[in-house]
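**Student:** These protein sequence lines map, in sequence, to chains G and P. Following full-length UniProt numbering, the numbering of the first sequence begins with 1 at its first residue and continues without gaps. Following full-length UniProt numbering, the numbering of the second sequence begins with 1 at its first residue and continues without gaps.
By construction, these hints were calculated from the structure, which means they are not laboratory data. Keep in mind that a hint or two might mislead.
Unchecked claim - Incomplete in silico selection of chain G near chain P, CB under 8 angstroms:
#	residue
1	Val232
2	Leu250
3	Ile285
4	Thr292
5	Asn294
6	Ile325
Unchecked claim - In silico DMTMM-like cross-links for lysine to aspartate or glutamate, where the CA-CA straight-line distance does not exceed 20 angstroms:
#	chain 1	residue 1	chain 2	residue 2
7	P	Lys380	P	Glu513
8	G	Lys360	P	Asp418
9	P	Lys121	P	Asp186
10	P	Lys380	P	Glu528
11	P	Lys159	P	Glu110
12	P	Lys503	P	Glu441
13	P	Lys94	G	Glu12
14	P	Lys345	P	Asp514
15	P	Lys369	P	Glu528
16	G	Lys128	P	Glu13
17	P	Lys207	P	Glu420
18	G	Lys180	P	Glu13
None of these values were measured; they are calculated from a predicted model. For every residue, glycine included, the Cβ atom is placed at its ideal position computed from N, Cα and C.
Each chain, letter by letter, is given below.
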Amino acid sequence: MTKRQLWQRFIEHLDVPLLIGIGLLMLVSLLVLHSADNAGWGRPMSQVLNIVVAFTCMWLIANLPLHYLMRTAVPIYVLGMVLLIGVALFGEISHGARRWLNLGVATIQPSELMKIGVPLMMAWYFEKNEATLTMKNYVVAALLLLVPVALIARQPDLGTAILISASGFYVLFLAGLSWKVIGGMFVTALASAPVLWSMLHDYQRHRILMLLDPSQDALGKGYHTIQGMIAVGSGGILGKGYLEGTQTHLDFLPERTTDFIFAVYSEEFGLLGNLILLAIFLFVIGRGFIITANASTYFTRLMAGSITLTFATYAFVNMGMVSGILPVVGVPLPLVSYGGTSMLTLLLGFGMLMSIETHKKLVKS
Amino acid sequence: MSKHVELKNHQREIFYFRLRLAISIGFVLTLFGILLVRFIYLQVVRHDYYQTLAESNRISVVPIVPNRGLILDRNGVVMAHNYSGYTLEVTPNKTKGLEATIDELSTLVEITPRDRKRFKKLLAERRNFETLMIRNKLTDEEVARFAAQQYRFPGVEIKARLFRDYPYGDKTAHLIGYIGRINQTDVEQLEENEQAANYRGSDYIGKTGLEQSYEDELHGTTGVEQVEVDSGGRAVRMLSRSSPVSGNTLVLSVDAKLQEIAFQAFGNYRGALIAIDPSNGEVLAFVSKPGYDPSLFIDGIDLQTWDELNNSPDKPMVNRAVNGAYPPGSTFKPYMALGALTLGKRRPEQTIFDPGYFTFGNHTFRDDKKGGHGSVDMYKSIVESCDTYYYTLANDMGIDNISNFMRQFGFGQRTGIDIEGESEGVLPSQEWKRKRFKKPELQKWYAGETISIGIGQGYNAYTPIQLAQAVATLANNGVMYRPHLVRHITDTRTGEKTLIEPKSLRTIPLRQEDIDVIKRAMIGVNKEGTGAAAFAGAGYVSAGKTGTAQVYSLKGEKYSEGHVKQELRDHALFIAFAPADQPKIALAVLVENGGFGAATAAPIARKVLDYYLLGKVPQPLPDDAAKEGDGND
Numbered sequence: 001m002t003k004r005q006l007w008q009r010f011i012e013h014l015d016v017p018l019l020i021g022i023g024l025l026m027l028v029s030l031l032v033l034h035s036a037d038n039a040g041w042g043r044p045m046s047q048v049l050n051i052v053v054a055f056t057c058m059w060l061i062a063n064l065p066l067h068y069l070m071r072t073a074v075p076i077y078v079l080g081m082v083l084l085i086g087v088a089l090f091g092e093i094s095h096g097a098r099r100w101l102n103l104g105v106a107t108i109q110p111s112e113l114m115k116i117g118v119p120l121m122m123a124w125y126f127e128k129n130e131a132t133l134t135m136k137n138y139v140v141a142a143l144l145l146l147v148p149v150a151l152i153a154r155q156p157d158l159g160t161a162i163l164i165s166a167s168g169f170y171v172l173f174l175a176g177l178s179w180k181v182i183g184g185m186f187v188t189a190l191a192s193a194p195v196l197w198s199m200l201h202d203y204q205r206h207r208i209l210m211l212l213d214p215s216q217d218a219l220g221k222g223y224h225t226i227q228g229m230i231a232v233g234s235g236g237i238l239g240k241g242y243l244e245g246t247q248t249h250l251d252f253l254p255e256r257t258t259d260f261i262f263a264v265y266s267e268e269f270g271l272l273g274n275l276i277l278l279a280i281f282l283f284v285i286g287r288g289f290i291i292t293a294n295a296s297t298y299f300t301r302l303m304a305g306s307i308t309l310t311f312a313t314y315a316f317v318n319m320g321m322v323s324g325i326l327p328v329v330g331v332p333l334p335l336v337s338y339g340g341t342s343m344l345t346l347l348l349g350f351g352m353l354m355s356i357e358t359h360k361k362l363v364k365s
Numbered sequence: 001m002s003k004h005v006e007l008k009n010h011q012r013e014i015f016y017f018r019l020r021l022a023i024s025i026g027f028v029l030t031l032f033g034i035l036l037v038r039f040i041y042l043q044v045v046r047h048d049y050y051q052t053l054a055e056s057n058r059i060s061v062v063p064i065v066p067n068r069g070l071i072l073d074r075n076g077v078v079m080a081h082n083y084s085g086y087t088l089e090v091t092p093n094k095t096k097g098l099e100a101t102i103d104e105l106s107t108l109v110e111i112t113p114r115d116r117k118r119f120k121k122l123l124a125e126r127r128n129f130e131t132l133m134i135r136n137k138l139t140d141e142e143v144a145r146f147a148a149q150q151y152r153f154p155g156v157e158i159k160a161r162l163f164r165d166y167p168y169g170d171k172t173a174h175l176i177g178y179i180g181r182i183n184q185t186d187v188e189q190l191e192e193n194e195q196a197a198n199y200r201g202s203d204y205i206g207k208t209g210l211e212q213s214y215e216d217e218l219h220g221t222t223g224v225e226q227v228e229v230d231s232g233g234r235a236v237r238m239l240s241r242s243s244p245v246s247g248n249t250l251v252l253s254v255d256a257k258l259q260e261i262a263f264q265a266f267g268n269y270r271g272a273l274i275a276i277d278p279s280n281g282e283v284l285a286f287v288s289k290p291g292y293d294p295s296l297f298i299d300g301i302d303l304q305t306w307d308e309l310n311n312s313p314d315k316p317m318v319n320r321a322v323n324g325a326y327p328p329g330s331t332f333k334p335y336m337a338l339g340a341l342t343l344g345k346r347r348p349e350q351t352i353f354d355p356g357y358f359t360f361g362n363h364t365f366r367d368d369k370k371g372g373h374g375s376v377d378m379y380k381s382i383v384e385s386c387d388t389y390y391y392t393l394a395n396d397m398g399i400d401n402i403s404n405f406m407r408q409f410g411f412g413q414r415t416g417i418d419i420e421g422e423s424e425g426v427l428p429s430q431e432w433k434r435k436r437f438k439k440p441e442l443q444k445w446y447a448g449e450t451i452s453i454g455i456g457q458g459y460n461a462y463t464p465i466q467l468a469q470a471v472a473t474l475a476n477n478g479v480m481y482r483p484h485l486v487r488h489i490t491d492t493r494t495g496e497k498t499l500i501e502p503k504s505l506r507t508i509p510l511r512q513e514d515i516d517v518i519k520r521a522m523i524g525v526n527k528e529g530t531g532a533a534a535f536a537g538a539g540y541v542s543a544g545k546t547g548t549a550q551v552y553s554l555k556g557e558k559y560s561e562g563h564v565k566q567e568l569r570d571h572a573l574f575i576a577f578a579p580a581d582q583p584k585i586a587l588a589v590l591v592e593n594g595g596f597g598a599a600t601a602a603p604i605a606r607k608v609l610d611y612y613l614l615g616k617v618p619q620p621l622p623d624d625a626a627k628e629g630d631g632n633d
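Can you make the complete structure from the sequences, with help from the hints?
**Tutor:** Now the structure itself:
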């Protein structure tokens, strides 16, 4: 095998447009992390490590033929459920929430696994029953979604629960859930809002209330939102310039390498930078939609659509929360925020998208 | 066939799927559209607003407190200055447990219960992120001991601060006053005067004395340092700085040495002394005894010491020189005599016969000299201090003539000296009595009341500063100056001196020959009269008048010093000026419960004049002079 052949084999199952989009976002991530780290290299270097690990996993998944991918659905889902129940029973409490499970060798957060596991399981279920889809199948799929979501919401991890609900809902929607049911769900959701409200923890209610008026608790719960908005707003059209963000460098922005990294970016690069960032996101999402549209099987269509829409939702929720139109729920900016787990989860999704794109000819033939 | 249908269904499914996908794309575009609108709103529409917020987040204005101005005497001797000392400061929200930290600190440096009380007080009124003093004036050893252990005390640090010091202590307590921590009342006052900005960062403000009355000059201009801060308020880097301007230097007309001699001349007596340069109103000595230690007040006095000072029978907190009002006693007589000459009620050589008493209606007014002074002219009336002469004189003049004449000398009015807390005193008149009393029967002035006014008793009550101003005016032939303590103010920045112009208040219309008559008589007092003992052998010609003010009416019984408790004894007074022909100094001395003016007040005046005119420093405690006294002053 020549060198050239080896390289071809390596990139064979990678999708170049997606790679470009993802690469651009990762580049933004490293740049902004450098700034958020007060011009240090600690955070960017560990993010590089995260990227390398996640990229390897993506490559593996992308090279995995689709029928293998499908086979992973049930085991991943079951494992995820076991771990979630384990968390509920034996989980470690950290920051007032029971999200982590100490397995002796590592502490893991099973809800992250379910970000992939739930849509995967639902898509697998719809594929299995493709020929004879009835209302009953939608109910079962909805249960496959709601049980883990309920467990995650109880941890409590509202952000993850909402995002997994969204990704599951996208599967249901793309699988052809009737508009009447969607309308019904919408009405039910509205009607059950007061009940859900009463189930929320105080701090969650606070966060939602803060959305209405962050200034009422400027140094408490509203602090994140206000400082985020100040950073974004003071960035102006052209931004303050790279490494010149005062909100960032003077320590006013909380969680600026993770959930609030967008505030750092927006302060330094302004509206123009935001437009570029939105364009990159839309490029990645657009490519995801193209792959979805071209997907050859029911399973891959649902999976690709859900992954793409979830990715878009992540981006929207994070930027919306930093710029003060959504409550602060603890959702990272996909591929930009610092964090190994979220990087891994996202690239696993992109690996599946690539596999779907690059293996479809094999399926067809 | 069935295969065909399936294929068709497949196409339809793909169509429906792509329809839903299109809806999804619309959904995503809508979401991103919302974001875009939000970004435009924040970054374009409301950019200025958030820009301002970010700036105020970022820039903190740190005041730099100016050095307080110095106070020097007329010869440049320091009377108030600053020195730097080490303080131990605590930032409460940075410590791990405030109480524990203080307990632990007390094992390294001495922290008295008073320090703790003061710290608690500071804690109660503190501002955000402020460091609070727990101990001041640390010794070098304490500084070293703490420095070695500093790592154990987060939020505790040693700072160098400037402290105010008054080298003359209690001797100038009522003159210089003191500074103290700015309290709520001060804050309100500063805000009212729109000076609050200049006091950002200042901890102290003048509370009494010159420190208070010249606060504006002494404080200086607060500098500003703009620093970039992080969210914890920690300074990251300095952006700009405008330096503070130190307070101006006050150069007093007071002579520190003279002040010291005058203060010590009182011995254990309470009282006041004011010496004035008659030619311009400059105050040369300003004594109110007892004083107190002004440094007690600077960092907050504790309750116990405060109570001690306040409840002391000696009343050390009262500024007797300007605030105490006393009957002038016989020191009033020269002015009475001058008034009589001016108004034509007496000629100098005109005599009266003094049998030792004066009867008015059915009341007898006694003269202190048993058997009386016999035939008395004006000169003798002053030299021997004959009461009967003035009983008849007052009766002849009438209360309105007396009060109208005395008003010109400033009796019963504030002098306007540049120190606060001045009392008005009482210059009795018919009008005064009408205003003073509510009941109609008390409002009427009785002719009998005029008689004791003539010897400086009755309703008469004047502050020592008024007495000093009056004698200075007499010495200056009727040209009256406003007494003032500050001679000039030196601008710290430019070195420019602003002279406090002597302010001539008025020239009393007097005939020089009348003035000369009075002056001659007052010279006679110190030569052959009641002041002669005190001024025996003086190397200059001085003029004076003794006085004794009744504190307690003995209702006609013979006054005997030995039988009366000290606090009921008469106040001794003395007014003087010298050299008599060209006065350089005029003074008024009040000795509370000092008995006869000749015995206690005049010797004090002698020491002051000796030093001022001859540079003669008295021997320690030479209070043997003029123990005698002929029972009359």
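**Student:** Are the Cα atoms of Lys159 (chain P) and Glu110 (chain P) separated by 20 angstroms or less?
**Tutor:** It holds: about 17 angstroms lies between the C-alpha atoms, which stays within 20 angstroms.
**Student:** Would the pair Lys345 (chain P) and Asp514 (chain P) pass a check requiring their Cα atoms to be no farther apart than 20 angstroms?
**Tutor:** holds, 12 angstroms
**Student:** Are the Cα atoms of Lys207 (chain P) and Glu420 (chain P) separated by 20 angstroms or less?
**Tutor:** holds, 10 angstroms
**Student:** Sort out whether Glu441 (chain P) lies within 20 angstroms of Lys503 (chain P), counting only the CA atoms.
**Tutor:** violated, 42 angstroms
**Student:** Straight-line Cα separation of Lys369 (chain P) and Glu528 (chain P) no greater than 20 angstroms?
**Tutor:** The hint holds at about 17 angstroms.
**Student:** When the nearest CB of chain P is found for Val232 (chain G), is that gap smaller than 8 angstroms?
**Tutor:** Hint on Val232 (chain G): holds, closest Cβ of chain P at ~5 angstroms, below 8 angstroms.
**Student:** Does the closest beta carbon of chain P sit nearer than 8 angstroms to the beta carbon of Ile285 (chain G)?
**Tutor:** Holds - the Cβ of Ile285 (chain G) comes within 8 angstroms of chain P, reaching about 6 angstroms at its closest.
**Student:** Thr292 (chain G) was flagged as interface toward chain P. Is the shortest Cβ-Cβ separation under 8 angstroms?
**Tutor:** For Thr292 (chain G), the interface hint holds, since the closest Cβ of chain P sits about 6 angstroms away, which is under 8 angstroms.
**Student:** Classify the hint on Asn294 (chain G) as holds or violated, based on whether any CB of chain P lies nearer than 8 angstroms to its CB.
**Tutor:** violated, 10 angstroms
**Student:** Take the C-alpha atoms of Lys121 (chain P) and Asp186 (chain P), compute the straight-line distance between them, and say whether it is at most 20 angstroms.
**Tutor:** holds, 17 angstroms
**Student:** When you check the alpha-carbon spacing of Lys94 (chain P) and Glu12 (chain G), does it fall within 20 angstroms?
**Tutor:** Violated - the C-alpha atoms of Glu12 (chain G) and Lys94 (chain P) are around 59 angstroms apart, more than 20 angstroms.
**Student:** Would the pair Lys360 (chain G) and Asp418 (chain P) pass a check requiring their Cα atoms to be no farther apart than 20 angstroms?
**Tutor:** violated, 100 angstroms
Comparing the model with each numbered hint stated earlier shows that hints 5, 8, 12 and 13 do not hold.
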